[in-house]
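Each chain, written out:
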Amino acid sequence: MRDQFIATLRKMVGEESVLTEPAELRTYDCDAYTLDKARPAAVVLPDSTEEVAQIVRLCNQYKVYFVARGAGTGLSGGAMAMADGIIIETARMNRILEVDWVNRRVVAQAGCVNLAVSRAVAEDGLHFAPDPSSQGVSTIGGNVSENSGGPHTLKYGVTTNHVTGIKLVLPSGEVADLGGKCEVCNGYDLVGLITGSEGTLGVITEVTLKLTPLPVSVRTMLAIFDSVDSATQTVSDIIAAGIIPAAIEMMDATITLAVEQAFHMGFPLDAGALLLIEVDGAEAGLDEDADAVAAICQRNGAREIRRAADSKERDLLWKARKKGVGAAGRLAPSVVTQDGVIPRSKLPEVFREITAIASRNQVRIGNVFHAGDGNLHPCVMFDERDAEEVKRVLQANKEILELCIKVGGSITGEHGVGIEKVNFMPLLFSPVDLALMERIRSVFNPDDLCNPGKLLPTSKSCIETKWRPKAAAI
Amino acid sequence: MHYPNLYQSLQAELGAAVTAPDHFAFCHAQQNGPLAVVTPLSEEETVATVRWAAANHIALVPVGGATLLNANPSVNDKRWLLLSSRHLCTVTEYSPNDMVVTAAAGVTIAQLNQRLAEFGQWLPFDPPAPDRATLGGIVAANTTGAFRTAYGAPRDRLLGLRALTPDGQVIKAGGKVVKNVAGYDLCKLFTGSWGELGFILEATFKVQPRPACDHRLRCPFSDPNYARFSPDDLKTALDVLLDFQTRQLDLAFAILVVDRTVRLLIALHGNQPKVEWDRNQLQSMIPSLVELDHQDADFSLAQDSRIPPPTGFAIEVLSLPSRVPELSLRLNDLHPALLTINLAAGRITAQWSHQDTRNEVWNLCKSLHPPGASCTFYGVPELSRSSLPAAALGMGDAVVHALNLRIKRALDPNNIFSPSRWVDNGFETAQE
Ligand SMILES: Cc1cc2nc3c(=O)[nH]c(=O)nc-3n(C[C@H](O)[C@H](O)[C@H](O)COP(=O)(O)OP(=O)(O)OC[C@H]3O[C@@H](n4cnc5c(N)ncnc54)[C@H](O)[C@@H]3O)c2cc1C
Numbered sequence: 043m044r045d046q047f048i049a050t051l052r053k054m055v056g057e058e059s060v061l062t063e064p065a066e067l068r069t070y071d072c073d074a075y076t077l078d079k080a081r082p083a084a085v086v087l088p089d090s091t092e093e094v095a096q097i098v099r100l101c102n103q104y105k106v107y108f109v110a111r112g113a114g115t116g117l118s119g120g121a122m123a124m125a126d127g128i129i130i131e132t133a134r135m136n137r138i139l140e141v142d143w144v145n146r147r148v149v150a151q152a153g154c155v156n157l158a159v160s161r162a163v164a165e166d167g168l169h170f171a172p173d174p175s176s177q178g179v180s181t182i183g184g185n186v187s188e189n190s191g192g193p194h195t196l197k198y199g200v201t202t203n204h205v206t207g208i209k210l211v212l213p214s215g216e217v218a219d220l221g222g223k224c225e226v227c228n229g230y231d232l233v234g235l236i237t238g239s240e241g242t243l244g245v246i247t248e249v250t251l252k253l254t255p256l257p258v259s260v261r262t263m264l265a266i267f268d269s270v271d272s273a274t275q276t277v278s279d280i281i282a283a284g285i286i287p288a289a290i291e292m293m294d295a296t297i298t299l300a301v302e303q304a305f306h307m308g309f310p311l312d313a314g315a316l317l318l319i320e321v322d323g324a325e326a327g328l329d330e331d332a333d334a335v336a337a338i339c340q341r342n343g344a345r346e347i348r349r350a351a352d353s354k355e356r357d358l359l360w361k362a363r364k365k366g367v368g369a370a371g372r373l374a375p376s377v378v379t380q381d382g383v384i385p386r387s388k389l390p391e392v393f394r395e396i397t398a399i400a401s402r403n404q405v406r407i408g409n410v411f412h413a414g415d416g417n418l419h420p421c422v423m424f425d426e427r428d429a430e431e432v433k434r435v436l437q438a439n440k441e442i443l444e445l446c447i448k449v450g451g452s453i454t455g456e457h458g459v460g461i462e463k464v465n466f467m468p469l470l471f472s473p474v475d476l477a478l479m480e481r482i483r484s485v486f487n488p489d490d491l492c493n494p495g496k497l498l499p500t501s502k503s504c505i506e507t508k509w510r511p512k513a514a515a516i
Numbered sequence: 031m032h033y034p035n036l037y038q039s040l041q042a043e044l045g046a047a048v049t050a051p052d053h054f055a056f057c058h059a060q061q062n063g064p065l066a067v068v069t070p071l072s073e074e075e076t077v078a079t080v081r082w083a084a085a086n087h088i089a090l091v092p093v094g095g096a097t098l099l100n101a102n103p104s105v106n107d108k109r110w111l112l113l114s115s116r117h118l119c120t121v122t123e124y125s126p127n128d129m130v131v132t133a134a135a136g137v138t139i140a141q142l143n144q145r146l147a148e149f150g151q152w153l154p155f156d157p158p159a160p161d162r163a164t165l166g167g168i169v170a171a172n173t174t175g176a177f178r179t180a181y182g183a184p185r186d187r188l189l190g191l192r193a194l195t196p197d198g199q200v201i202k203a204g205g206k207v208v209k210n211v212a213g214y215d216l217c218k219l220f221t222g223s224w225g226e227l228g229f230i231l232e233a234t235f236k237v238q239p240r241p242a243c244d245h246r247l248r249c250p251f252s253d254p255n256y257a258r259f260s261p262d263d264l265k266t267a268l269d270v271l272l273d274f275q276t277r278q279l280d281l282a283f284a285i286l287v288v289d290r291t292v293r294l295l296i297a298l299h300g301n302q303p304k305v306e307w308d309r310n311q312l313q314s315m316i317p318s319l320v321e322l323d324h325q326d327a328d329f330s331l332a333q334d335s336r337i338p339p340p341t342g343f344a345i346e347v348l349s350l351p352s353r354v355p356e357l358s359l360r361l362n363d364l365h366p367a368l369l370t371i372n373l374a375a376g377r378i379t380a381q382w383s384h385q386d387t388r389n390e391v392w393n394l395c396k397s398l399h400p401p402g403a404s405c406t407f408y409g410v411p412e413l414s415r416s417s418l419p420a421a422a423l424g425m426g427d428a429v430v431h432a433l434n435l436r437i438k439r440a441l442d443p444n445n446i447f448s449p450s451r452w453v454d455n456g457f458e459t460a461q462e
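Taken in order, these protein sequences are the chains called A and B. Going by our numbering, the first residue of the first sequence is number 43, and it counts up by one from there. Going by our numbering, the first residue of the second sequence is number 31, and it counts up by one from there.
Errors might be hidden in some of the hints.
Label pairs and their computed distance ranges (CB to CB) [claimed, not checked]:
no., chain 1, residue 1, chain 2, residue 2, range
1, B, A432, A, D425, 49 to 55 Å
2, B, M315, A, E165, 19 to 25 Å
3, A, A334, B, I316, 30 to 36 Å
Treat the hints as calculated values from the structure; they're not laboratory data. For each residue, glycine too, the CB sits at the ideal point set by N, CA and C.
Using the sequences and the hints given, assemble the complete structure.
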């Protein structure tokens, strides 16, 4: 039956669009979350909504699990397949279908890369505001499914604030055109519901996005602090002062070291923490905002404040930040990045506790994160082959997420629940809340063929027992 | 109609205050009006009411300040109660340093903003009648006003909520932090669901620092000495708005108010140098701009434009900026008493002081689709959304409509909450 299924698939989309060789499939064992792995039976690369719909209908006919995948940069295992299931990869669906300049909308296929959208409209003075650090490779479909954020979401909002329409192949194979170019849809806000649903409610094939005018002017500065405490206090004070910078990002000493090794930026290795702060908008009044921010940094004992003199210097600072998580990979063979969120006023206290968690569990943690949003990214570094260390890493992860919940936060700000955090959902939501989510899932995905085992712990699937060898240790 | 016995026995049963729906003039005009208004004093009383209603197959229509009760009325043949949030009005948690506030559904936007002002902050929603419009209602209708383009809609600022489901259970959606992707975004589902999925108890919002400078300007586009403006005045004014849109000006809002004359209202927000710069730039484009007091009657006229005159009705059309000029001119041809046009938000409101033009307005709305425009009628008691063609509602095609209905059924299987108010047409998969 499996052979028949694959043969039909090949007939549908062409030989070269179906991968089944073990060597080809190895890349698809996991996404950028590497603690859980499973090999799909096949990877199929459709070219159009119609092809996706046909594939999904075939999966229904043969009762084959399927999961959509963009660039596979997800950090919670969302794009991992069920063993024997298939992956529907959107790489070939990467076209920009329409730019509507007056109404500031763009319609793009799901496989279009985030940055490609912004590049396509830059000449018109516009951009797609959500800017995950992975924006050079991650896809619009992935961004929408994870409701991705980025450094500039502090001012501009996350993906959900910039999506007005979604073409969705439902798990039944029907095609639903949700929303459109209008900001307000009628009926329930299904565009809002699908955004952030981590590929569990269907396969997105096209998205209508809002475009935002590029800021006329920008001021970027790097503030260097002796201690993490004074940097986190600065973040709290900036927010409390009523200034909304475009971004406030923080790197601690461990990440600074990794970045320095990778890019030789001349960052001081004895600094406790660096804050990358950007204000943007009209030229008039911008210096006043930048000065107000700098004054708060100074009040909190910033050792030095470097202001980017031109766009080249600015790009360099951002490169250091955006490649921060990747650079952490230089310090250890494996890295898991946590994604808890806390009220911003709690940053100093939570950071002290994270340091304690790291030393208690004897793990090395570097921090590079969206400080202005209170969205932490503790990068836990380890060697995946060392089972003992993996246990300690999982324990530290657990303690960090519990800490986030304890101070009134959440277990994920932008990376999603995926497979990684399903078991933490009951710490955040009651059985009644979870049952409601399950009901919503069943409306779309009654047979649970579409990305089972993700996002909700109650979802019916064998994934927890069979395919969760490591993360299940929590 | 009055049912003294019913009120007494209900009150005894629920503990909550039960009164005649006398204050709700709009409901009186409905053929099948509500039996009573239940106004719980606590969440416990609210839970008891919902459970009782579900057990007795009585429908519930949540109501806050009743400012939008006349929009998308619940027209159904069930016996129903109004369930009021008016006494659920505490600000439960406010952390100015996090710029996050949590408040019960019955808190009005004016009350909340008074509280936030103590810390130089605000929740930038400007629905009609802010001293009556409650947070629950604002979320349920996803409604705001002129500031929508600059500060976003309720859907963009709602971080979390607690709500009562039709089986009387309290559910939580989202949380209290500014970024959160744990689980499905049920906040989105409740926002703009017009009370069809449950009773919102409490909501958490991301608030905003008040702008250091809030500058208001007005520019006349017609001669006030004439009896009525000429269509060319309106065309010129619309061209200016379109020009603002293409130049990507950073305005807090720009709205045309059109009654006997045509004038443009503008708000500029930011720090002093920015606002001054914006003003100079505008002044070079439109020399006749004049400063305006914040209390100027034109602002409340624009803000309350969806509240119809006593014997009349109003509509709100939501579309795309590029379609606004054409739609505005077509609506203007039907001689509304008041027209307001916010091109950047794709939003037009119009009101008439009598019901005579209703059929013409109705026909115009029917022809709006495609591509993507929707309209809401205010103050037409017998008008249920189910009697409007799906296309005019922007409801999407059969697949999308069916999805909406399936969600309603999954969450409210006995159709307790606000029957026939929004997506559900009495549970019939009615298609055009
Ligand atoms: C170095 C690095 C930096 C990162 N920085 C950020 C950051 O700053 N902010 C942030 O939010 N994230 C960040 N991420 C995480 C990741 O890049 C985002 O989640 C991104 O949106 C995933 O896009 P993708 O195309 O790689 O999706 P994938 O990883 O392929 O998929 C992610 C999820 O979306 C689903 N999906 C993908 N495409 C579709 C579709 N067409 N239809 C339905 N479901 C679909 C998948 O099933 C899966 O559940 C980072 C990751 C890395 C590796």
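Status of the given 30 to 36 Å range, CB of I316/B versus CB of A334/A:
holds (32 Å)
Against the range 19 to 25 Å, how does the distance between the Cβ atoms of M315/B and E165/A compare: consistent or not?
The hint (19 to 25 Å, Cβ to Cβ) holds, given that M315/B and E165/A are roughly 24 Å apart.
Status of the given 49 to 55 Å range, CB of D425/A versus CB of A432/B
holds (51 Å)
When held up to the earlier numbered hints, the structure conflicts with none and fits them all.
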